[in-house]
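Which chain is which? The protein sequence lines are A and B, in order.
Heads up: the first sequence runs through residues 1 to 892, numbered per this note's numbering.
Heads up: the second sequence runs through residues 1001 to 1126, numbered per this note's numbering.
Rather than coming from a laboratory, the hints here were simulated on the basis of the structure.
Don't take every hint at face value.
[To be verified] Sample of chain B residues at the chain A side, in silico, Cβ under 10 Å: (1) Ile1014; (2) Glu1016; (3) Leu1021; (4) Met1055; (5) Lys1059; (6) Arg1101; (7) His1120; (8) Ala1121; (9) Gly1124.
Even for Gly, the Cβ is constructed at its ideal location relative to N, Cα and C.
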Amino acid sequence: MASLNVLAFVCLAYVAFLFFIAFWADRMATRGKSAAWMRSPLIYTLSLSIYCTAWTFYGAVGYAARSGLEFVTIYLGPSLVMICWWWGLRKLVRIGRSQRITSIADLLSSRYGKSNLLAAGVTILAVIGVTPYISLQLQSVTLSFAIFAEADPLRGYNETSIVFWVAAGLAVFAILFGTRNLNANERHHGVVTAVALEAIVKLAALLAVGIFVVWGIAGGVGETLARIDASRIGQWNVDGSRWATITFLAAAAFICLPRMFQVMVVENEDERHLRIASWAFPLYLLLISMFVVPIAVVGLDLLPAGSNPDMFVLTVPLQQGQQGLAMLSFLGGFSSATSMVIVAAMALSTMVSNHIVMPVWLRLQNRQASVSGDVRDVVLLSRRVSIAVIMALGYFYYHLSGGAAALAAIGLISFAGVAQLLPALVGGLFWRGATRSGALAGLTVGFAIWLYTMMLPALGGGLLPEHILRHGLFGLSWLRPEALFGIEGLDPTVHAVMWSMSLNALVFCLVSLMSFPSPLERLQGAQFVNVFDHSAGPRGWTGSVAQCEDLMIMSQRILGATEAQAFFQRERMRQGGRGPLPEPTPAFLERLERELSASIGAAAAHAMIGQIAGGSSVSVADLLAVADETAQMLEYSSRLETQSAELSATARKLRETNEKLTQISEQKDAFLSQVSHELRTPMTSIRAFSEILRDAGQLSPQEQRRYAGIIHDETLRLTRLLNDLLDLSVLESGQVSLNITAGTLTEVLDHAVATALAGSEMPLTVRRSPEAEGFRLSSDLDRLAQVFINLIANAQKYCDAEQPELTVSASVSGGRLHIVFTDNGSGVPADAQQMIFEKFARVSPERAGGAGLGLAICREVMQRLGGDVSYLPGHGGGAFRVSLPAAGEKAA
Amino acid sequence: MGRHVVLIEDEPNITEAIRFLLMRDGWSVDAHTDGATAVEVIRDAGPDLVILDLMLPGKSGLEIVRELRAEDGLQALPVLMLTARGQMRDREMAEKAGVTRFMTKPFSNAEVLTAVRDLHAQAGQG
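Only chain B is shown next, with the shape it has when bound in the complex:
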């Protein structure tokens, strides 16, 4: 079972931090900033996990999730959504769209690692 992550995040510093964390944990990280091409990138890369920002240039994180869930073989793909907009409404909409887990910025590194490991483990069992 591989440990490959696709990260879509438009804030370069945050991308760098997450990449650092995950690589130290043994993941390979494929990072992108553009929302418009995200679905293609994910389909091609076939990752074990996706980390998505909510507000992205080109296409919003919610739309990307909806499109992923509409594709064969991607319905069960774990998606961790990060957002700087932490309102309840956003969380509800994200869960409705098919996001597996929702995290509000700023987060602690430990939280992110735990969440990634949990999601990966669940997906493995499932």
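Next comes chain A alone, as it looks inside the complex:
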């Protein structure tokens, strides 16, 4: 008889072998060299066999020994699903692929508006629901160890320590397998290959034991059938409600169990594999269940009464001295347990990490997750810890439940737990009206009832006080866990499943009908329900402001540098862009989100991209009537933006006005200072000479006359200055009233020349061409004459020729009359030409007679008359041109 040490060694060797297979398959896959068979429907079908756990391997025989043919229902459910509902599974797989779904929690969250609350709820439910199942695997492996241990001469192993080491071993095993790396597409080729191998081992082991029993012990098919007929298992003793309930449960669990979802949807390579699996998997189930009844019957016959029927697969060969066969059988059971635990722990840890740890971590990171810390490490660590915690939960459940219950009973509790997901799942796939609130409410109700009517009673007196079990919660008899609403006499399983499922579905439907889905929910709902219509439909990243570099940094943290760079490179090629990074188009963000959601789940990926891209989530045809909150926010913020733009425009205008005012104030100061200077200068002369005349005694009559003349001239100068200032101020303020009269240019020039020459002794010859001056004018002729007088007076003052001459010419061009005054002096220096029209500007002070206001007045007058005056450089001397609108043809 093999000692426990040998057994442990065989287990380790077997695990090492599995690990090698998984490692090798992973390597092939990452190198893209995976052989065709690795992606074949065969592997897919075999991987589905993780449905058959140690419960199936050991427990089915026990189930048959206790309850007859009822064990068939466990196989019937999945077979019916595969055969009759493969099209529904196909929809599930299509959605899973198109939305990059990572788990059943992710699927539900994604369907119901990427709700993280829902995902977290589903995750918790799944963990609690699957915990008994994991405990069941522990129990079966422990039992099988114990069988060998009983015969071991070196006893001293106690059951508790075996359970602990089995749990720890499986945890390490699952961590090593499931979280070696964070695969971008979340497919685990290695694990799937190993699971497929284990599927073969467990089938082979069971078939070998079965063949040995039928032909080695019973002595052929006929003999076996006779034995069966003789035993009570052979009696056709069917409880209709239990059959229906358990078949339904098995079918629901087949779809909803996280590990089944993992291999069926997440690890699916090709939708067409489902077609093959739809008949191949039922065939596998048929093969694995074929010898259950013979083994049970023979076991009951052969072994002493009271021996555990759950272990017949092991104890029958041992009793017959078949060490090798027993070892193979043990490995088969071990395979069943390990493959289930690994995949379940992987699937659950993904859910826990994506939907509970990551959201919390993201929040703790204060929304800076995208740019700080390595998300990969966090994800991997959280998955590993999750696996350990899940295994620990299984271990504690085993302790709480006392490890005494039959395997099948524990399995059914798990089935009923995860079956609570069914209404939300199926509703989500086929009913667009299903809402997040409905799903949450249904799940909560179903989960609570399941906990109360099934899970807690199964745990026994430890958790649920005896009086509640007997008399109901709060002493209300209609709240008794095993007889809700006073319905008694039902089988407890049927009772619990009926209430939890029916109320779950009812609440789900009612709340869905009453609540209004968010835009994202409606959109996702449409995508799920009509997945075959628009698998590649956009999910609505409208953000155009995404910071591609930030996206890149974030993606590297999640996908790993190589993966992320390769993805971005591919996207850039696809866009045909020239920059180092792809444009953040909605389509690109869409694909990036799916890529990320494969690693961290839909809700987290959506949130992370949202943080960076900052775009609004959707609004398309489906959302016609919905006033999206985001849209309101956008509108509000755009209104704010407009307001802030307006404010800054106003501020700019104010600033400009202020500058202008400051400038004007400075001009005013300068002007006052100039005026003061221009007034003080003549006043100085007047004062000085009047004091001389008053005080000085002996002045010659000539001197007296001369000084009085100076005083007189300076007084005139003052008067002129004051007149000019007043005139200019009237002109500048625009209050001047024009006196428009008709006349000819000749008349105006005659008057101007006469006036200018009369007021001065300075000699100046004025040359005119009277034949060219006969233009009719309609203007303020006095003002025009004033301009001419100023220009002539300027020539008198400033022309530096020995024989000063001024030529006046007139012409019409472009509808304007031009009068040019050209003297024969040296003209205005080039650097002064710009400023001569400014107030108080004088080019040569020593010859100045005026205050420098003459040209400024000319400019103002001409502006009022609709014309202008300008200096013409390069005309040989000082040349000024006056132009004004021509009134008509020449007069004569």
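Position chain B against the provided structure of chain A, taking the given hints into account.
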């Protein structure tokens, strides 16, 4: 001790008035209108006193004073500045530049004579 004045002023009537006043008081007056040549003129004439207008063609009165003060032997030369711009800022700038006394136009003849005599007396003592 001589009584020679150099007067730089671009307004001919004012020049005439000052010249009349000072000559009656026993001064010899050398009058010029151009600011650009003023420093040279002063250096050559070696006057006992300078009367400067602030706003001059060619070079401003302030610049002329600064240049005078930078020359050897002219640092202490009394300079009376006349200006038609009577703002405080102008007075401050003039004093900073080294002007000995600052007078705003229009002035009384008595003021000018007093100022000239004072400056001359101070320079004599100094």
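Structure-based check of all given hints:
no.: 1; hint: Ile1014; in the structure: holds, 5 Å
no.: 2; hint: Glu1016; in the structure: holds, 7 Å
no.: 3; hint: Leu1021; in the structure: holds, 7 Å
no.: 4; hint: Met1055; in the structure: holds, 7 Å
no.: 5; hint: Lys1059; in the structure: violated, 13 Å
no.: 6; hint: Arg1101; in the structure: violated, 17 Å
no.: 7; hint: His1120; in the structure: violated, 20 Å
no.: 8; hint: Ala1121; in the structure: violated, 22 Å
no.: 9; hint: Gly1124; in the structure: violated, 26 Å
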